[in-house]
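Student: The chain contents come next:
2 protein chains.
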Amino acid sequence: MITSRRTVFFISDGTAITAETLGHSLLTQFDHIIFDQITLPFIDNMEKASHVVKQINLEAERTGAPPIVFSTLIDPEIRRTIMGSRGRVYDLFEAFLVDLERDLSVESSQIVGRYHTVVNSNDYDVRIDAVNFALGNDDGISTKNYDRADIVLIGVSRAGKTPTCIYLGLQFGIYAANYPLTEEDLFGRYDELPDALLPFRKKLFGLTINPERLHRIRSQRRPNSRYASLAQCQSEIAAAESIFLANQIPFINITSMSVEEIAAKVLHENKLERRLL
Amino acid sequence: MITSRRTVFFISDGTAITAETLGHSLLTQFDHIIFDQITLPFIDNMEKASHVVKQINLEAERTGAPPIVFSTLIDPEIRRTIMGSRGRVYDLFEAFLVDLERDLSVESSQIVGRYHTVVNSNDYDVRIDAVNFALGNDDGISTKNYDRADIVLIGVSRAGKTPTCIYLGLQFGIYAANYPLTEEDLFGRYDELPDALLPFRKKLFGLTINPERLHRIRSQRRPNSRYASLAQCQSEIAAAESIFLANQIPFINITSMSVEEIAAKVLHENKLERRLL
Chain A
1 MITSRRTVFF ISDGTAITAE TLGHSLLTQF DHIIFDQITL PFIDNMEKAS
51 HVVKQINLEA ERTGAPPIVF STLIDPEIRR TIMGSRGRVY DLFEAFLVDL
101 ERDLSVESSQ IVGRYHTVVN SNDYDVRIDA VNFALGNDDG ISTKNYDRAD
151 IVLIGVSRAG KTPTCIYLGL QFGIYAANYP LTEEDLFGRY DELPDALLPF
201 RKKLFGLTIN PERLHRIRSQ RRPNSRYASL AQCQSEIAAA ESIFLANQIP
251 FINITSMSVE EIAAKVLHEN KLERRLL
Chain B
1 MITSRRTVFF ISDGTAITAE TLGHSLLTQF DHIIFDQITL PFIDNMEKAS
51 HVVKQINLEA ERTGAPPIVF STLIDPEIRR TIMGSRGRVY DLFEAFLVDL
101 ERDLSVESSQ IVGRYHTVVN SNDYDVRIDA VNFALGNDDG ISTKNYDRAD
151 IVLIGVSRAG KTPTCIYLGL QFGIYAANYP LTEEDLFGRY DELPDALLPF
201 RKKLFGLTIN PERLHRIRSQ RRPNSRYASL AQCQSEIAAA ESIFLANQIP
251 FINITSMSVE EIAAKVLHEN KLERRLL
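Line order of the protein sequences matches chains A and B. Position 162 (the first sequence) corresponds to 162 in our numbering; numbering is contiguous. Position 111 (the second sequence) corresponds to 111 in our numbering; numbering is contiguous.
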């Protein structure tokens, strides 16, 4: 039951991705409120800051309630300007930086937009290389690079393998390949792993999903096909899980998980060593 | 100049991605300190919490300095347990939740790991569909789906187009295609756009990069090739930028930007309407 709505601003001198991340974490704790969200990135001078204050104040007037503002503003002058608005401002640096300076016995350097700046171009290279690995080893295109893979995800078509592999590359610098279990793999030889995967069994990790959810996902792609039918989804999933169990391949059910969660679980359960911190 | 090092923990009942994001934002403000980072996700019961406290205390003893702890712990009992360790704990919910409850005049629901849970499976579908769009329309494979694209990134090979398109899909639900400017496009007809792109010129956005950086990136892929040579990089980039200018295609230089930053800039500069909030 929705009881009210409130305008929320995410404001930053950089991309505003951090402001959104922390704001979303907090807001998901509040049911029953609809949040109207406005993101304002790259607020890196006083002119832009003054404009933002006007926007917040107008919204306060329009809605009759002070907007909630999540911000990551390094520059103290810009931060104070936004805090002088009619919004209720939650700023990451305001909340933590003074204490952190005390705990670390140093002063921070207050460089605007620093977080997402490529200080280390090696990190950038690792990341791009890992994403390219995911793309080049997607969907069982080839197994010839599996010796370079940190992990090989297996599962039926549309069980979340591809986005998870890409995310593992982007976020953690993990080299992740994926192999889709085809009908031949699933129903050809009872409970046996495809030959191509045998040399890599220690790198295998299974993804499974509830048949109803898979049916819905596949139906969007190919409505009313045999591929998308609930019966087909049920039998493919049963066969896949049976292969996982028979071959002692660890697996997780991703039905109610986001891509981030699947990736974090894969990392955690396999004790993979990330290349990006 | 490095003056000290400190151990940092990122702790969460969920993926710990939020804890890392906020911690990294803060830590990049401190030069001269090396941070040894330990991420502990899925700390969702008291047994795990007690184990974490021991780990933090051992590290305090080993290093002779209290570790810095960034956490996102919803459960008050688990949170208090971690805060009772010898670390200096910065918890997102501890810092903000009470004030936010007051500002929103409600109590939060305190559901562990809520943030990344798929509440809305439509969001999941949009996200995956957008990522698949990026994959299916990568590298100029085909231009036939460009009418469905929100944006078409153009630039020379290895200028950051592919990861940006994927990130735009993952993070914002934006349908992004990309088209690499080949030698034929660049040097065939002076300053003209490739015919295939003409119908979509309003969706075009250019990425460019400094020649030295491109040279390094390409050299990793194909060392000592003509493709990777500095001269080739210089002439390709000059021709690409000339095409952008001659055809009034907006573009950015991504040399010192992270993938997140490029994606946020593309979103912002093109005023694209995101499908994921």
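Worth double-checking, as some hints may not be accurate.
Intra- or inter-copy, both count: the list cannot distinguish identical chains.
Keeping only pairs whose Cα atoms sit at most 25 Å apart, straight-line, the calculated BS3-like set for lysine-lysine is [as the list claims (entries may be wrong)]:
| no. | residue 1 | residue 2 |
| --- | --- | --- |
| 1 | K48 | K271 |
| 2 | K144 | K48 |
| 3 | K54 | K203 |
| 4 | K202 | K54 |
| 5 | K144 | K54 |
| 6 | K265 | K54 |
| 7 | K265 | K48 |
| 8 | K54 | K271 |
| 9 | K144 | K202 |
| 10 | K203 | K271 |
| 11 | K271 | K202 |
Hint data in this document are derived by calculation from the structure and do not stem from the laboratory. The structure displayed is predicted, hence computed values, not measured ones.
Student: Please go over all the hints and tell whether each is borne out by the structure.
Tutor: We went through each hint and held it up to the structure:
Taking CA atoms no more than 25 Å apart as the test, K48 paired with K271 passes between copies only; the shortest distance there is 17 Å, against 45 Å inside one copy. For the homomeric pair K144 and K48, neither the shortest alpha-carbon distance inside one copy (52 Å) nor that between copies (40 Å) is at most 25 Å. For the homomeric pair K54 and K203, neither the shortest alpha-carbon distance inside one copy (55 Å) nor that between copies (31 Å) is at most 25 Å. For the homomeric pair K202 and K54, neither the shortest alpha-carbon distance inside one copy (58 Å) nor that between copies (31 Å) is at most 25 Å.
In the homo-oligomer, the alpha carbons of K144 and K54 never lie at most 25 Å apart, since the shortest distance is 58 Å inside one protomer and 44 Å across protomers. With identical chains, the CA atoms of K265 and K54 are at most 25 Å apart between copies only, with a shortest distance of 23 Å across copies and 43 Å within one. In the homo-oligomer, the alpha carbons of K265 and K48 lie at most 25 Å apart only across protomers (16 Å), although the nearest pairing inside one protomer, at 40 Å, exceeds that limit. Taking the shortest Cα distances, K54 and K271 sit within 25 Å of each other only across copies (20 Å), while inside one copy they are farther apart (49 Å).
Within a single copy, K144 and K202 get their C-alpha atoms as close as 16 Å, which meets the 25 Å cut-off; across copies the closest is 41 Å, which misses it. In this homomeric assembly, K203 and K271 come within 25 Å of each other (Cα to Cα) only inside a single copy, at 11 Å, whereas the closest approach across copies is 42 Å. In this assembly of identical chains, the alpha carbons of K271 and K202 lie at most 25 Å apart only when taken from the same copy (12 Å versus 46 Å across copies).
Checked against the numbered hints given earlier, the structure breaks hints 2, 3, 4 and 5 and satisfies all the rest.
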